[in-house]
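With the sequences and hints as input, model every part of the structure.
Chains as they are written, first to last, in the UniProt record's numbering: chain R, 1 to 270; chain F, 1 to 261.
FYI, nobody ran anything at the bench for these hints, they're computed from the structure.
Careful: at least some of the hints might be erroneous.
As the list claims (entries may be wrong) - Facing chain F, from chain R, some residues (calculated, C-beta under 10 Å):
#1 Glu68
#2 Val109
#3 Asp111
#4 Ala163
#5 Val165
Every residue, glycine too, gets a C-beta built ideally from N, C-alpha and C.
Below are the chains, spelled out letter by letter.
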Amino acid sequence: MKKLGLMIMVLAIAGSLLMGCSTASKGTESEKKMLTVGMELAYPPFETKDEQGNPSGISVDLAYALGEYLGRPVQIENTNWDGLIPSLQTGKVDVVISSMTITDERKDVVDFSVPYAKSYLALLVNKNANINQAEDLNQPGKVVDVKKGTTGNIYATKNLTNATVNALSSETACVTEVTQGKADAFIYDQLTIYRQNKANPDTTKAILIPFQDSESWGIAVNKGNEELLIQIDSFIEEFKAQGGFVELTDKYLKEEKQTFDALGFPWFFD
Amino acid sequence: MKQTVNKEPSLANKVVSAIFVAVVLIGFLWFSVNSIGLELDFSTLYQYRQRLWEGFLMTVIISIASLFVSLVIGSLTAMGQNSRILIISYFCRAYVQIIRGTPLLVQIYFFYYIIGTAWGVDNRYVAGVVILSIFEGAYISEIIRGGLASIDRQQYEVARSIGLTPVKTLQLVTVPILMARILPALAGQFASIIKDSSLLSVIAVIELTQTVQEISADNFRMFENYLFVGALYFILTFGVSLFSGVLERRYNHEYRVNQYL
Chain R
1 MKKLGLMIMV LAIAGSLLMG CSTASKGTES EKKMLTVGME LAYPPFETKD
51 EQGNPSGISV DLAYALGEYL GRPVQIENTN WDGLIPSLQT GKVDVVISSM
101 TITDERKDVV DFSVPYAKSY LALLVNKNAN INQAEDLNQP GKVVDVKKGT
151 TGNIYATKNL TNATVNALSS ETACVTEVTQ GKADAFIYDQ LTIYRQNKAN
201 PDTTKAILIP FQDSESWGIA VNKGNEELLI QIDSFIEEFK AQGGFVELTD
251 KYLKEEKQTF DALGFPWFFD
Chain F
1 MKQTVNKEPS LANKVVSAIF VAVVLIGFLW FSVNSIGLEL DFSTLYQYRQ
51 RLWEGFLMTV IISIASLFVS LVIGSLTAMG QNSRILIISY FCRAYVQIIR
101 GTPLLVQIYF FYYIIGTAWG VDNRYVAGVV ILSIFEGAYI SEIIRGGLAS
151 IDRQQYEVAR SIGLTPVKTL QLVTVPILMA RILPALAGQF ASIIKDSSLL
201 SVIAVIELTQ TVQEISADNF RMFENYLFVG ALYFILTFGV SLFSGVLERR
251 YNHEYRVNQY L
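Structure below.
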C-alpha cells in the first residue's frame, strides 16, 4: 500500500512539473511584443553597466533606438558571451547586439544584419616580451592569451599554431596575465587594447597597427527570421543616414576618436 | 542495537521500479527539450573526439593527482588541528576555516595570479593541482578529524593494557579503524574533486570543461556539448560512487561503520 502511495506521489510530482512547463511556454506568447536584446555587459564602452547597475553603452543605446524604430519596448538580457548564440537559437532573446563580428562559422547558425561597425584586432604585449608584430608570436615558447570564442581566439588558433594559446573566459584575466608576464600577448580589438595599455603603461605595450582585414559587426537574429532581419537592415541604414553613430561616438568615445584620427586608424562607424 | 529485518525486494519489483524511474526521468528530459523546440544533434561532437578524449584524460589525471596531494595535506592538518603546540593547531584550524569558507573560484584566481606569480609557479597544470589539493585538503582534513574523534577511547585502553607501544597502537588500532570509517567519505570527496576540477577551466587548464567551452566557441552547439560532457563527468563520479558502495559494504560488516557515519 505504502509503495502505491509513493508511486502516485511521484506521478503527481512529475505531472505537475510537466504542467509547469507547458504553462511557462504559453506565458511567452503574451510578451511577444517585447523586443529582448541579448548582450554581454562586459565590453565598455559598447556594452557595460552604469553605477546603478543599469545597462549602458553604445550597443544599449543602439538597442533602444531599434526598439523605437520597431515600436516595441526593449528588454536587455545580460548573457555570457558563450551563451549569446544559444540564447538566439532557443528564443530566449530576439536579437543579439553585442559587438559581434560577422564570421562564416557564426553565419552557419544565425543570420546577421548588414554591418554597422568595423574593427581591427590589435595586440597588448608584455614590455619585456620583445614582440613587435603578430608574426613574432608564432613560435614555440610564446604564450598568447585570447578571450574564449572571440575573433582573436579564432585568429590565434588558425594562425599562431606554434605558440601556446590560452582561451580564458574574461578580458581582465587576459590582461592580468600579460601584465604579470604569464602571457606574452593578448589579442583583442584595437580600442580595448588601447585602453588597457593606458591603464597599464608600465608593464604593457600596445601594437595597434592592423595585421589583418577589418572585422564587421552585425546584429544577429535567429536563423530564418527574415521579417525581423529586413526591418533591422532598414533601421541601420536610417540610423546611419540620420547621424546616429556620430552622436554615439560623441557621447561615449570622443577622446578615443581623436586619438584614432591622430594615429590615422579608421574609425568604427566610418 | 536495533535489529532490522532486511528482506531483499523481489527481482520483478526491482526491474519494474528501475524502468519506472528511467521512464519518468527520460520522459521529463524529452518533454523539456521538445517543448522549447530544441533539436539535439550530437553527431557534430564526433569530429572533436580527440580533444574530448584528451580533456577527459586531463580531468582524470588532475583529479587523481589532487586526491593524493590533498590526502597528504588533509592528514597532516587533521593531526595538526589536535596538536598540543598551539601555533600548529591554530595554523591548521585557520587553514580549514578559511579554505572551507571561501569559494573555489576565488581561491583559483587568488592562488594562481597572486601567490603563484609571487612564488614563480607559472605552469597552469601544476598550479591547478596544487590549488585543487589545497581546497579539497581542508574537507579531507575534517573527514579525518571526524574519523579520529569517533574512535572509542576504550580501544586505546585495551591497546595500552595489552602493552602496545604508541607506534604499534597507531599501526594496529588507529589506522585500521580510521580507514574503515573514513574510506566511504573519502570516496565521496573524490567525486567532488572530479567535479570541482571543472573550475580550473578559468585559468585555461585544458581539462574536460575547458575543452567543451572551446568547442562551444567553435560549433555553437552549447547544449549538445554540455549534455555530453555532463554525461562524461557522471560516468566518472558514478564509477567512484559504485566503488564507494563496495567499500562501505565491506567495512560495514567488520566495523559496523554505519552507526558512525
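Practice task
Classify the hint on R:Val109 as holds or violated, based on whether any CB of chain F lies nearer than 10 Å to its CB.
Solution key: holds (5 Å)
Problem - Proposed interface contact between R:Asp111 and chain F, which counts if any beta carbon pair is under 10 Å - result: violated (13 Å)
Handout entry: Given hint R:Glu68 near chain F, where the shortest CB pair must fall under 10 Å
Key = Since chain F brings no Cβ nearer than about 30 Å to R:Glu68, farther than 10 Å, the hint is violated.
Exercise for the section: Double-check R:Ala163 for me: the hint is only fine if its C-beta lies closer than 10 Å to a C-beta in chain F. Expected result: At 13 Å from the nearest chain F Cβ, R:Ala163 fails the 10 Å test, so the hint is violated.
Problem - Interface hint outcome for R:Val165 [beta carbon to chain F under 10 Å] - result: holds (9 Å)
The structure does not agree with the numbered hints 1, 3 and 4 stated previously, though it agrees with the rest.
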